[in-house]
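Asker: Grab the two chains, each in its own frame, and use the hints to assemble them into the complex.
As given, the protein sequences belong to chains R and W, one line each in that order. In the working numbering, each number is its position in the first sequence, counted from 1, plus 64. Once you know that position 198 of the second sequence is 182 in the working numbering, the rest is easy, because the numbers rise by one and skip nothing.
A few of these clues could be false.
25 Å max Cα-Cα, derived SDA-like pairs, lysine to any residue [unchecked claim]:
| # | chain 1 | residue 1 | chain 2 | residue 2 |
| --- | --- | --- | --- | --- |
| 1 | R | Lys78 | W | Leu70 |
| 2 | R | Lys90 | W | Ala(-3) |
| 3 | R | Lys171 | R | Thr156 |
| 4 | W | Lys(-7) | R | Asn100 |
| 5 | W | Lys(-7) | R | Thr187 |
| 6 | R | Lys78 | W | Arg226 |
| 7 | R | Lys173 | W | Met(-15) |
| 8 | W | Lys(-14) | R | Gly83 |
| 9 | R | Lys232 | R | Glu179 |
| 10 | R | Lys78 | W | Leu222 |
| 11 | R | Lys232 | R | Thr187 |
| 12 | W | Lys(-7) | R | Ile172 |
| 13 | R | Lys319 | R | Leu355 |
| 14 | R | Lys69 | W | Gln223 |
| 15 | R | Lys78 | W | Met(-12) |
| 16 | R | Lys171 | W | Met(-12) |
| 17 | R | Lys171 | W | Leu222 |
| 18 | R | Lys69 | W | Pro73 |
| 19 | W | Lys(-7) | R | Glu179 |
| 20 | R | Lys90 | R | Asp152 |
| 21 | R | Lys283 | R | Asn100 |
| 22 | R | Lys199 | W | Arg62 |
| 23 | W | Lys(-14) | R | Thr156 |
| 24 | W | Lys(-7) | R | Ser195 |
| 25 | R | Lys277 | R | Ala298 |
| 26 | R | Lys78 | R | Ala101 |
| 27 | R | Lys173 | W | Arg62 |
| 28 | W | Lys(-7) | R | Ala175 |
| 29 | W | Lys(-14) | R | Leu134 |
| 30 | R | Lys319 | R | Met308 |
| 31 | R | Lys78 | R | Lys90 |
| 32 | R | Lys69 | R | Ser195 |
| 33 | R | Lys183 | R | Ile172 |
| 34 | W | Lys(-14) | R | Asp152 |
| 35 | W | Lys(-7) | R | Pro193 |
Don't read these hints as lab results, they were simulated from the structure.
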Amino acid sequence: MIEVKELTKRFGQKLAVDGISFRVGKGEVLGFLGPNAAGKSTTMRMITGFLPPSSGTASVGGFDIIEESLEARRRIGYLPENAPAYPDMTVTAFLDFIAEIRGFAGKIKRARVGETLDKCFLTDVRYQPVSTLSKGYNQRVCFAQAIIHDPEYLIMDEPTDGLDPNQKHEVRSMIRDMARDKTIILSTHNLEEVDVVCTRVIIIASGKIVADKTPLELKTLSDFHGAACFTVCAPEPGGILSEMAGLHGVKDVIKVREDSGRITLRAIPSDPSVPVAEMIMRFCLDRGFTLENMKIEEGRLDDVFRQITRSDIPAVQN
Amino acid sequence: MKRMWAVMKRELAGYFTSPVAYVFIVIFLLLCGFFTFSIGRFYEIGQADLRAFFEWHPWIFLFLVPSVGMRLWADERRDGTIELILTLPVSLSELIVGKFLAAWIFLGSALALTFPIIITVGYLGEPDFGAILTGYIGSLLLAGSYLSVGCMTSSLTRSQVISFVLTVVICLFLLLAGWPPVTDFLSGWAPAWLISVVEGFSFMHHFADMERGVLDIRDLIYYLSVMGFMLLANGVILQSRRSS
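Isolated chain W, as found in the complex (with noise of 0.2 Å):
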């Protein structure tokens, strides 16, 4: 535990003392707000939530979270480091979870900055703020299952290019498998169950939910599960790449 906590710390600093942190941090928040107001048309819809914030939160996402996994391992193969992190007392779950919390913080960190938004919202009208605070649950759930993916590229390859493109691509995979148009190519000759399954893989299905403020434990499990299952496949990339 206390190892964990040595690896997610060094992590953490390692994102702030890079110009990295702000250029994503900056970046995200000019996102953001350009999707809520000039595309997602907040002010002309004039209800008093936040779907118009939280529905982009997918796109957005899906070119910036793989931009913060993308170093976790690769960086650790190239500077040939991970001879030494893994030659340390420190168990590969130690090391695999510490360094994917540190990125999910680093990330629940830029998203708390979008704060103003809340604030926006709650002087124009009267929100239902647990609406809100789910919309903001579901959009850090999201972000940690783009970045469990993140983590597992970055696994595979020494270069972050490899990584990131392999990331959108795999995120972007599964957030189209629930989008309309899939689905509805789908349905002219796929039983139902076949569609629903694909349904289910999709992070947008999921999403949808949280981002009306609605909470299911599905939801929560289908998350949870992407993360667990990710840094599963990231530890044993890691075990047999290490053995070859």
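In isolation and in its complexed conformation, chain R is listed as follows (with noise of 0.2 Å):
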């Protein structure tokens, strides 16, 4: 379990964190979000050990990182953002070293590393300097470091950053398949990562924590959450949108696109219980239009993280 309590940081008269506080427990793949400086990885490098909190503390697997910070940093596996590595070391005797460093020796050490370089595909190019490595090799070198001695707790700062879409999913499926036994928490700009991965999702802006949720709940803040998308076949689809937005419970009805003779149109309802697919099929039904798709929509959630990171008064409290 991390548990970071009251955790500040100031950088002269600059607040960069104030006051957070959460849990993660075992099980758990926690996503920060928050726009560029609103502290994700200031809160990221005290828990870490590599900045000293301007007050407040956490704890790593009930070790405080300020009094028992070795003990702390031997359970945690970093991945710092833009992935830092040796640069004239090469794959393997960079994650030799790495394996020393947490104790490995002999044949072990070397089991470790063998391994390591298989799961994270860097056999092919184990002997490479890190400095000829492209990016997306160079981040998984540095993944690779951050998990070499199997960490019952994982840190990441922006896991995913200049990787291909391919290297994105083999990444995403690697910390979903490791966050059965261990404490993950990551930050993100990917949106579309977040519902990949996250069990839960704290947003954070200006310091603070504005949201902390499950990334389905996050979704029914969004105001397209349980809005119907459908598209419909009619000689005059002009007349439906208004016809439409005169229904009881449809709040709003917005046009996406217009071909010749199908609209394709999205409908909020006013309120998430109003059977709105049921609504539209008789609506159709009643007037003999063809209705050639519809889907409910769960929420879109940079509708959600723009909503509230935008505004200067936090939208959502806790």
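Answerer: As structure tokens, this is what we get:
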């Protein structure tokens, strides 16, 4: 369990992190979201022991990050932002070094390094200096460094930054596989990633937590949560829009696309309990329109993200 | 201890995988030869000792040792690996000492490669090998002291150049403090104790004994305390720069 208590960081006059508290348990994948300079990296740097907090503290597996820093660091695997690695070392030499620092020696060390190389698809480049690697490989080298000791706690600052879609997919499925018996905190700008890997999301803006929810809960905050997106074939599609908007229980109808003879609309119910799908089907049936397709939307994270982080006053308090 | 060993091994390998090490060693040996034979007039003096050789070490080291120390922390900062190394389960003192020892061992190996001069002097006459050994110990301690200054300045900046210049200036200052023109300048007006304090801070003052073959415990303590102080300062700087 990682427990963060009133963690605060000041850089001169600037308050970068302002009294953040939360707990993450085993099996959870916590996603940190927030605009740039919101304090995500600073919070991670404090938990991993790189930056000393101005006030407050955190504990990792029961070890205080200030008082028992070495014990806490032993249990953490950390992937810093921009994935730093020693440029003049070869991949194997670099991982050997990390393994030695992590207390592995001899056969066990070699086995660990070999296993990690395989896991992170680095076997082809094992004898290449880190400086000659592409960004994706570099990211994976640093990722390998973070998981070489099979840590209980994994903290990753933008783990899929700079990867191509295939590599992103691989890294995400690795994170998901590891999530079962680990506690993971990751930060990201990629909202799709949150949906795929995170079990819980904390949104940080200006150093404060403005939302702490599951991805699904977050989506229900979206204006489009429960909205129906549907395509109707009708001889006179123009009239449908105004007619639909007049229906009871429909807050708003937005035109998404219009082709000849068919129109795609999005109907937003005034309340999530409104059976909007049924209403639309009946509406089309009554008028003899063909309903081509319909989808009930879960809501979009990017809308929620914008809504929460843009306003000066936090829109949602948990 | 094991972790310090790992840090040291990595750092030492870092010297030898880059061309820096070889350039350094070649230039060091060339300069040693040039100063000893051409300027120190080793042959003309006609004495079977290595004073003409050791005499120049404070000046050769002044420009070469900072180039060995400058990368130790500045590079970590530039490459961002400082965030990696400081979040690994290794203590700050293990890191500092590990890095310092690696660079010192490297300097020691460069110094060891001057061995042909011992053979030369042994062939030409009957030198006092004890004095030569003392000279080498003094030289190694001097290099270590310069290096500790280099470690300290390296932790101040992400630029190797700034670290280099700062180290040269600090070491030059410590060298010249005991130089006769400087002490003469002071002797006109300063009280005697102040002169001896200033002189006591000088590398030159402490090197001179060892160069002659005298191993004085006070000189040893001086060098070890310079290294201890600089490495401690290195730790304090790293700690304080981390929090800002």
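Asker: Does each hint fit the structure? Answer for all of them.
Answerer: Each hint tested on the structure:
1. R/Lys78 / W/Leu70: Roughly 24 Å between the alpha carbons, so the hint for lysine 78 of chain R and leucine 70 of chain W holds.
2. R/Lys90 / W/Ala(-3): 39 Å, violated
3. R/Lys171 / R/Thr156: Distance ~15 Å between lysine 171 of chain R and threonine 156 of chain R Cα, so the pair holds.
4. W/Lys(-7) / R/Asn100: 38 Å, violated
5. W/Lys(-7) / R/Thr187: Status holds; Cα separation ~24 Å.
6. R/Lys78 / W/Arg226: 16 Å, holds
7. R/Lys173 / W/Met(-15): 17 Å, holds
8. W/Lys(-14) / R/Gly83: 38 Å, violated
9. R/Lys232 / R/Glu179: Roughly 20 Å between the alpha carbons, so the hint for lysine 232 of chain R and glutamate 179 of chain R holds.
10. R/Lys78 / W/Leu222: 22 Å, holds
11. R/Lys232 / R/Thr187: The hint holds at about 18 Å.
12. W/Lys(-7) / R/Ile172: 19 Å, holds
13. R/Lys319 / R/Leu355: 15 Å, holds
14. R/Lys69 / W/Gln223: 23 Å, holds
15. R/Lys78 / W/Met(-12): 36 Å, violated
16. R/Lys171 / W/Met(-12): 20 Å, holds
17. R/Lys171 / W/Leu222: 35 Å, violated
18. R/Lys69 / W/Pro73: 22 Å, holds
19. W/Lys(-7) / R/Glu179: 23 Å, holds
20. R/Lys90 / R/Asp152: Given pair lysine 90 of chain R, aspartate 152 of chain R is violated - Cα atoms ~37 Å apart, limit 25 Å.
21. R/Lys283 / R/Asn100: Cα-Cα ~21 Å, so holds.
22. R/Lys199 / W/Arg62: Roughly 17 Å between the alpha carbons, so the hint for lysine 199 of chain R and arginine 62 of chain W holds.
23. W/Lys(-14) / R/Thr156: Roughly 19 Å separates the two Cα atoms, so the pair holds.
24. W/Lys(-7) / R/Ser195: Answer holds: lysine -7 of chain W to serine 195 of chain R is near 20 Å, not above 25 Å.
25. R/Lys277 / R/Ala298: 41 Å, violated
26. R/Lys78 / R/Ala101: 11 Å, holds
27. R/Lys173 / W/Arg62: 29 Å, violated
28. W/Lys(-7) / R/Ala175: 20 Å, holds
29. W/Lys(-14) / R/Leu134: 15 Å, holds
30. R/Lys319 / R/Met308: Holds, at about 11 Å.
31. R/Lys78 / R/Lys90: 34 Å, violated
32. R/Lys69 / R/Ser195: The given pair, whose Cα atoms are some 39 Å apart, is violated under the 25 Å limit.
33. R/Lys183 / R/Ile172: At roughly 16 Å apart (the allowed maximum being 25 Å), isoleucine 172 of chain R and lysine 183 of chain R satisfy the hint.
34. W/Lys(-14) / R/Asp152: Holds. Lysine -14 of chain W to aspartate 152 of chain R sits at ~23 Å (cutoff 25 Å).
35. W/Lys(-7) / R/Pro193: OK: lysine -7 of chain W and proline 193 of chain R at ~17 Å, within 25 Å.
Going through the hint list in order, the structure does not satisfy hints 2, 4, 8, 15, 17, 20, 25, 27, 31 and 32.
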